[in-house]
Amino acid sequence: MSQEAKLKEAAKESLKQSTDPLEKLRNHCLTQGYAGILSLGKLFRRLDKDRSWTLSKDELSAGVSQFGLDLSEADINKLFSGFEKDGQSGINYEEFLDALRPEMSEPRKAAVMAVFKHLDKTGDGVVSIEDLKGVYSAKNHPKVKKGEITEEEVLKKFLGIFETNTSVDGKITKQEFLDYYSGLSKAIDEDEYFITVVNMSWGL
Numbered sequence: 001m002s003q004e005a006k007l008k009e010a011a012k013e014s015l016k017q018s019t020d021p022l023e024k025l026r027n028h029c030l031t032q033g034y035a036g037i038l039s040l041g042k043l044f045r046r047l048d049k050d051r052s053w054t055l056s057k058d059e060l061s062a063g064v065s066q067f068g069l070d071l072s073e074a075d076i077n078k079l080f081s082g083f084e085k086d087g088q089s090g091i092n093y094e095e096f097l098d099a100l101r102p103e104m105s106e107p108r109k110a111a112v113m114a115v116f117k118h119l120d121k122t123g124d125g126v127v128s129i130e131d132l133k134g135v136y137s138a139k140n141h142p143k144v145k146k147g148e149i150t151e152e153e154v155l156k157k158f159l160g161i162f163e164t165n166t167s168v169d170g171k172i173t174k175q176e177f178l179d180y181y182s183g184l185s186k187a188i189d190e191d192e193y194f195i196t197v198v199n200m201s202w203g204l
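Each residue of the sequence shown is one higher than the one before, starting from 1 at the first, in the UniProt record's numbering.
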């Protein structure tokens with residue numbers, strides 16, 4: 001069984017035992033694997049149509065429901081009130097997602113952010129295909145050599161690790177990068193091994 005499969009199974013068992021709504025949502029995300037929290041984050045950002053970085057209680061409830069978790073009204077109220085600041089403006093979903101992510105040690109966060117900085121050649125806070133062209137060459141890919149696919153198609157597939165059915169835009173934000181790696185981090189016990197996996201994934 002792969003590390004990701006073990007993570008999913010452990011999360012399913014934890015979900016059965018969870019009583020706190022934030023813990024329920026975290027475990028539900030992890031039942032979907034490394035990209036579970038990434039998927040939820042993309043869903044929240046899609047719901048935020050006016051780009052206010054906030055969600056109302058109804059939007060939070062709709063997002064959780066669309067994500068496949070059936071929470072009671074009491075659970076939604078508890079989730080919302082735990083992050084709502086002034087009774088009017090809704091919740092900042094980036095703060096919410098930050099609390100939802102499995103905790104990563106500082107060395108792990110530093111390693112993930114170092115990779116992101118390395119990939120973000122333009123320094124605009126987003127990793128795109130153009131950024132990847134400077135650090136990841138697809139010219140020697142067998143299918144590129146045969147003319148079956150283009151180098152750009154390979155790069156898009158590479159970026160697809162971070163894409164979900166809630167958003168396919170060919171770009172990775174810093175938060176999305178953290179969302180993905182927080183799931184991977186949960187599946188790996190040792191800092192040193194996690195950092196090695198992250199660095200080797202990107203040829204560092």
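Since the hints were derived computationally from the structure, they do not count as laboratory data.
Don't be surprised by glycine CBs; every beta carbon is placed ideally from N, CA and C.
Hints are supplied without guarantee of correctness; some may be wrong.
Cβ-Cβ distance ranges computed for the label pairs, FRET-style [to be verified]:
#1 G125 to S2: 26 to 34 Å
#2 A74 to K117: 26 to 34 Å
#3 K78 to R51: 25 to 33 Å
#4 E148 to A74: 52 to 60 Å
#5 A10 to H118: 28 to 36 Å
#6 E23 to K139: 41 to 49 Å
#7 D191 to K49: 36 to 44 Å
As a list, the in silico BS3-like pairs of lysine-lysine whose alpha-carbon atoms are at most 30 Å apart [to be verified]:
#8 K133 to K174
#9 K109 to K143
#10 K12 to K57
#11 K139 to K6
#12 K145 to K109
#13 K171 to K121
#14 K117 to K174
#15 K6 to K49
#16 K171 to K49
#17 K8 to K121
#18 K16 to K49
#19 K133 to K6
#20 K146 to K49
#21 K146 to K157
#22 K174 to K139
#23 K12 to K133
#24 K133 to K145
#25 K16 to K6
#26 K12 to K157
#27 K145 to K157
#28 K49 to K117
#29 K157 to K121
#30 K156 to K171
#31 K143 to K49
Hint by hint, here is what the structure shows:
About 32 Å separates the C-beta atoms of G125 and S2, a value consistent with the hinted range of 26 to 34 Å. Separated by about 42 Å at the C-beta atoms, A74 and K117 break the suggested range of 26 to 34 Å. Separation of K78 from R51 is about 27 Å and conforms to the stated range, judged on CB atoms against 25 to 33 Å. For the hinted restraint 52 to 60 Å between E148 and A74, the CB-CB distance of approximately 55 Å keeps it satisfied.
A C-beta distance of roughly 31 Å is found between A10 and H118, which places it inside the suggested range of 28 to 36 Å. Between E23 and K139 the CB atoms are about 46 Å apart, so this pair conforms to the stated range of 41 to 49 Å. Taken as a hint, the range 36 to 44 Å holds for the pair D191 and K49, whose Cβ atoms sit roughly 39 Å apart. Straight-line distance between C-alpha atoms of K133 and K174 comes to about 18 Å, which keeps the hinted pair within the 30 Å bound.
Distance check on the hinted pair: K109 and K143 sit about 35 Å apart at the alpha-carbon level, beyond 30 Å; violated. Restraint check for K12 and K57: satisfied, since their Cα atoms lie roughly 26 Å apart, inside the 30 Å limit. A distance of roughly 35 Å separates the Cα atoms of K139 and K6; the hinted pair therefore is violated under the 30 Å criterion. Distance check on the hinted pair: K145 and K109 sit about 37 Å apart at the alpha-carbon level, beyond 30 Å; violated.
In summary, the hint linking K171 to K121 is supported, as the alpha carbons are separated by about 13 Å, within the 30 Å threshold. Taking the CA atoms of K117 and K174, the gap is near 9 Å; set against the 30 Å cutoff, the hint holds. Under the criterion of a C-alpha separation no larger than 30 Å, the hint pairing K6 with K49 is inconsistent with the structure, at around 36 Å. A threshold of 30 Å between alpha carbons decides the hint, and for K171 with K49 the separation of about 18 Å falls inside it, so the pair holds.
Distance restraint check for K8 and K121: the Cα-Cα separation of roughly 34 Å exceeds the 30 Å cut-off, and the hinted pair is therefore not satisfied. For the given pair, K16 sits about 33 Å from K49 by alpha-carbon distance, which is inconsistent with the 30 Å threshold. Between K133 and K6 the alpha-carbon distance is near 34 Å, which puts this suggested pair outside the 30 Å criterion. Distance restraint check for K146 and K49: the Cα-Cα separation of roughly 43 Å exceeds the 30 Å cut-off, and the hinted pair is therefore not satisfied.
Of the pairs offered as hints, the one joining K146 and K157 holds, with about 17 Å between alpha carbons and a cut-off of 30 Å not exceeded. A hinted pair counts as satisfied when its Cα atoms are at most 30 Å apart, and K174 with K139 qualifies at roughly 27 Å. Among the hinted pairs, K12 with K133 is inconsistent with the structure: their alpha-carbon atoms are about 38 Å apart, more than 30 Å. Straight-line distance between C-alpha atoms of K133 and K145 comes to about 16 Å, which keeps the hinted pair within the 30 Å bound.
A threshold of 30 Å between alpha carbons decides the hint, and for K16 with K6 the separation of about 16 Å falls inside it, so the pair holds. Under the criterion of a C-alpha separation no larger than 30 Å, the hint pairing K12 with K157 is consistent with the structure, at around 29 Å. Only pairs whose Cα atoms come within 30 Å are accepted, and K145 paired with K157 is accepted, the gap being roughly 16 Å. Of the supplied pair hints, the one linking K49 and K117 holds, its CA atoms being roughly 28 Å apart against a limit of 30 Å.
For the hint pairing K157 with K121, the CA-to-CA distance comes to about 19 Å; that is within 30 Å, so the pair holds. For the proposed pair K156 and K171, the alpha carbon gap of about 9 Å is at most 30 Å, so the pair holds. The straight-line distance between the Cα atoms of K143 and K49 is roughly 39 Å, outside the 30 Å bound, and the hint therefore fails.
Of the numbered hints given earlier, the model fails hints 2, 9, 11, 12, 15, 17, 18, 19, 20, 23, 31; all others are met.
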